[in-house]
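Colleague: Single-letter residue listing:
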Amino acid sequence: SLQPLRAKPIPKSLRASQRKPREPGVASSLIKKIFSHYAKIKVARDALKIVEKCTERYFKQLSNDLEAYSKHAGRKTVEMADMEVLLRRQGLVTDKMPMHVLIERNLPLEYRKLLIPIAESGNKVIPRK
Amino acid sequence: GGEAGMKRTAPRATLRRIIRKHKPELRLAANADLLVRRGRGGAGAESVHLSFLLFLHRLAEEARTNAFEDKSKIIKPEHTIAAAKVIKHFEYL
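Taken in sequence, the protein lines are chains A and B.
Per the working numbering, residue 2 is the first one in the first sequence, and the count goes up by one each step.
Per the working numbering, residue 244 is the first one in the second sequence, and the count goes up by one each step.
With the rest of the complex left out, here is chain A:
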């Protein structure tokens, strides 16, 4: 379970040498950057360790869910529809917050260009401005 980490701070000189061979994971520096950006206030280092732990669990659960959805549809490849089901279940995509709006608000332009035609094609109503 999640507990505050009360580990002694490791001296900077030792930190690099204690690095283990890396499991695939999002870089701590990126997690820190994104989380701090959204948090808008200072984040304690121990709190960031918790965020990293949460991130690992998040991806584990995400993988399980995406597998379940695509399997259910008889596929081995994750499609946008699976992703949309996932975001809907998380309460992020709703009738008032369609997939393409989420994409527009949160992803850089080069990804939006890739995703939006697809996200929109899944919707029955495409608001055009």
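It should be emphasised that the hints constitute simulated quantities derived from the structure, not laboratory data.
Keep in mind that the hints are not guaranteed to be accurate.
[As the list claims (entries may be wrong)] Looking from chain A toward chain B, a few residues come up when the C-beta cut is under 8 angstroms (computed):
| no. | residue |
| --- | --- |
| 1 | Arg23 |
| 2 | Leu67 |
| 3 | Leu93 |
| 4 | Met98 |
[Stated by the list, open to error] Lysine-lysine pairs mimicking DSSO-like chemistry, simulated, CA-CA at most 30 angstroms apart:
| no. | chain 1 | residue 1 | chain 2 | residue 2 |
| --- | --- | --- | --- | --- |
| 5 | A | Lys61 | A | Lys77 |
| 6 | B | Lys319 | A | Lys33 |
| 7 | A | Lys77 | B | Lys316 |
| 8 | A | Lys77 | B | Lys319 |
| 9 | B | Lys266 | A | Lys41 |
| 10 | B | Lys314 | A | Lys72 |
| 11 | A | Lys54 | A | Lys43 |
| 12 | A | Lys43 | A | Lys33 |
| 13 | B | Lys328 | A | Lys41 |
| 14 | A | Lys77 | A | Lys114 |
| 15 | B | Lys328 | A | Lys97 |
| 16 | B | Lys316 | B | Lys264 |
| 17 | B | Lys314 | A | Lys114 |
| 18 | A | Lys50 | A | Lys72 |
| 19 | B | Lys316 | A | Lys72 |
| 20 | A | Lys61 | B | Lys266 |
| 21 | A | Lys72 | B | Lys328 |
| 22 | A | Lys33 | B | Lys314 |
| 23 | B | Lys266 | A | Lys72 |
| 24 | B | Lys316 | A | Lys114 |
| 25 | B | Lys314 | A | Lys61 |
| 26 | B | Lys314 | A | Lys77 |
| 27 | A | Lys97 | A | Lys72 |
| 28 | A | Lys114 | A | Lys43 |
| 29 | A | Lys114 | B | Lys319 |
| 30 | B | Lys266 | A | Lys43 |
| 31 | A | Lys97 | B | Lys314 |
| 32 | A | Lys114 | B | Lys266 |
| 33 | A | Lys97 | B | Lys316 |
| 34 | A | Lys34 | B | Lys328 |
| 35 | A | Lys61 | B | Lys328 |
| 36 | A | Lys77 | A | Lys50 |
| 37 | B | Lys316 | A | Lys54 |
| 38 | A | Lys72 | B | Lys319 |
| 39 | B | Lys316 | B | Lys328 |
Remember, predicted model here, so these are calculated numbers, not experimental data.
All residues carry an ideal CB built from backbone N, CA and C; glycine is no exception.
On the provided structure of chain A, position chain B as indicated by the hints.
Modeller: Frame of chain A, contents of chain B only:
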């Protein structure tokens, strides 16, 4: 909006590697595939990145609210843990 200043480039190879670690059989569509098959649409690592960003967004907002309620100017581990528990009903923690 209002995201200026933060680079939001997805670590796409990493995201694919993470999913492959958990589910070696599961495939995420490639970009090329994504463009060709517009009608059906494959979900690439970008959409995984999107859900990840939104997850951190929610966790951060929740943790900040906890810090405010605690009259703390800094997010502490306990604020983050409480935040993680609140979003438990998404079955992500």
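Colleague: Hint by hint, work out which the structure violates, then give me just those numbers in ascending order.
Modeller: Checked against the structure, the hints that fail are numbers 1, 4, 7, 8, 9, 10, 16, 17, 18, 19, 24, 25, 26, 28, 29, 30, 31, 33, 36, 38, while the rest are satisfied.
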